[in-house]
Amino acid sequence: MSAKVLLIDDDQDFRISLRSLLEGHGYEVFEAVSGHEGLRMIVEHKPDAILVDIMMETSTEGYGVTHALKYLDEYAEYRQVPVLMVSSIEESPDERFPMSPEAEMIRPDRYLTKPLDIPRFLEVLERTVGVGKGASN
Amino acid sequence: MGEADAPETVVVIDDDYAMRLSCCKILSKMGVRVEAFEDGTRGLAGIGRLKPGLIVVDLKMPGISGIEVTSRVHEIDPQITIVVITGYATIDTAVEAMKCGAYDFLPKPFSPDELRLIVNRGLERRRLSLESQRCEIERAMLKRRFVTFVSHQLRTPLVAIHQYLDVLKHLGDTGEVAAKREEWLDRCLKRTEELQSLIADWLTLARVEGGALMKERIKVDLRQLLPGILKTYEEMAAGEGVSLHAALSEEPLCVGGDWNCLTVLFDNLITNGIKYNRPGGTVTVSGCLSGGEVVVTVADTGIGVPDKYRPFLFDEFFRIKDDGAKKTTGTGLGLHIAKRIVSEMSGSLDFESQPGAGSTFRVRLPAWHEADSAKPGSSE
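Going line by line, the protein sequences match chains A and B. Numbering-wise (my numbering), the first sequence opens with residue 425 and increments by one. Numbering-wise (my numbering), the second sequence opens with residue 31 and increments by one.
Treat the hints as calculated values from the structure; they're not laboratory data.
Pairs of lysine-lysine residues, derived as DSSO-like cross-links and limited to a Cα-Cα distance of at most 27 Å, are as follows:
id, chain 1, residue 1, chain 2, residue 2
1, A, Lys428, B, Lys199
2, B, Lys59, B, Lys138
3, B, Lys81, B, Lys55
4, B, Lys220, B, Lys261
5, A, Lys428, B, Lys210
6, A, Lys494, A, Lys428
To be clear about the criterion: a stretch of chain A counts as covered by chain B if any three or more of its residues have a C-beta under 8 Å from a C-beta of chain B, and this derived list gives those stretches:
id, region
7, 435-447
8, 537-544
All C-beta atoms, glycine included, are put in the ideal place defined by N, C-alpha and C.
In isolation and in its complexed conformation, chain A is listed as follows (with noise of 0.2 Å):
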């Protein structure tokens, strides 16, 4: 069966390529335009990964999804889901909330920049996906 690949991004665009990309590679894709849709979509289609952007609606709500995913108790059984950030703003949690104790709250398993760079992007993911995979068996 093959692994699932949630993106959580506004920019129908950049979802619609991402999508094709991925599935060229194999992967089921799902598709959310805010971060509580994608929420949603989470327990609804169970993802082997998350593909999150830091800035949709609100300028952080990206973060909103990590946060979420591992501190809410509705979500403790997609604690493990690892989470990919992505924005075009080169910014960590410690650079956007500098001193504050949220950084560590908010803090995904990866950062990526857009534009993605392809094969490192799928090297990445498949790596994550793999990890995903062995931590729920």
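The hints should help you fit chain B onto chain A, whose structure is shown.
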């Protein structure tokens, strides 16, 4: 801020018991919190703990001198205001203390009024300096946020284009993608247009904000301007199944402004009316003179503005992305620019909206008086 409401703390350091007592008495009547210490060592420890806004320190004390206290206090917090108390014999020392960072000095003996005056002034100075520091920090943060936001706005379409091309290249010869090629290239073109209009809007905004567009204030009759604009957008409106109507009064609708600027203003309002409309809908531009003002309304029969978005409608980059508006494109700057132009012209722009039924934007501009032409350059 909460701390602004709390009373300021003043620390008094003096080895003379009577002096400490009377300072405390005078100052606590001013509504500040006072703590007194009998020597420099205890005083400095107290300052570290109490974080006062101001200290009053005697220069001549056994142990750590007032001079030393002065220079050490500013290591703890450079924002603390220091007032030194001096005897007649120590004016030179007072000068030295000022050099070390004391704010002012009070020669003994002094009256309660003199103490109150100098402490009040010192606290006021500190308040102002804290405020300007806060403003500075806020400004820096806003600037940083703006830069982040703007680069995000510019990068988003670029990233989308880049990734289409990159994926096309990557999956180049597979049949599936070949079928998508045309569609993707069209999307790329759309996104480049988005970038172009973003940059164009930006430049307009920068020019409006810089006052450049308003320098040329001439008499413009909106009865001549508006029909031309409506004509420009007939084709676009027809494409959306929307019809355009004009209901302009018989009398001239003259305002003092810049032709290009006014064109941008009504362009933005009319295109919004078309974009956020529905097939079979209308956009009606009406104009009349009313109480010394030219009032132009642009009314559409579109999706309206949901109540929750009302406060944000004129914000930079704000766009409604609800169901009915999903397919519309735009930079999120149109209404912001419109508002700027109107306020530069000493007018007003507001709207009424019924979600699901349509919106009416109302521009009010001061009517042109023939006297206006007699004083060119009076636009400042």
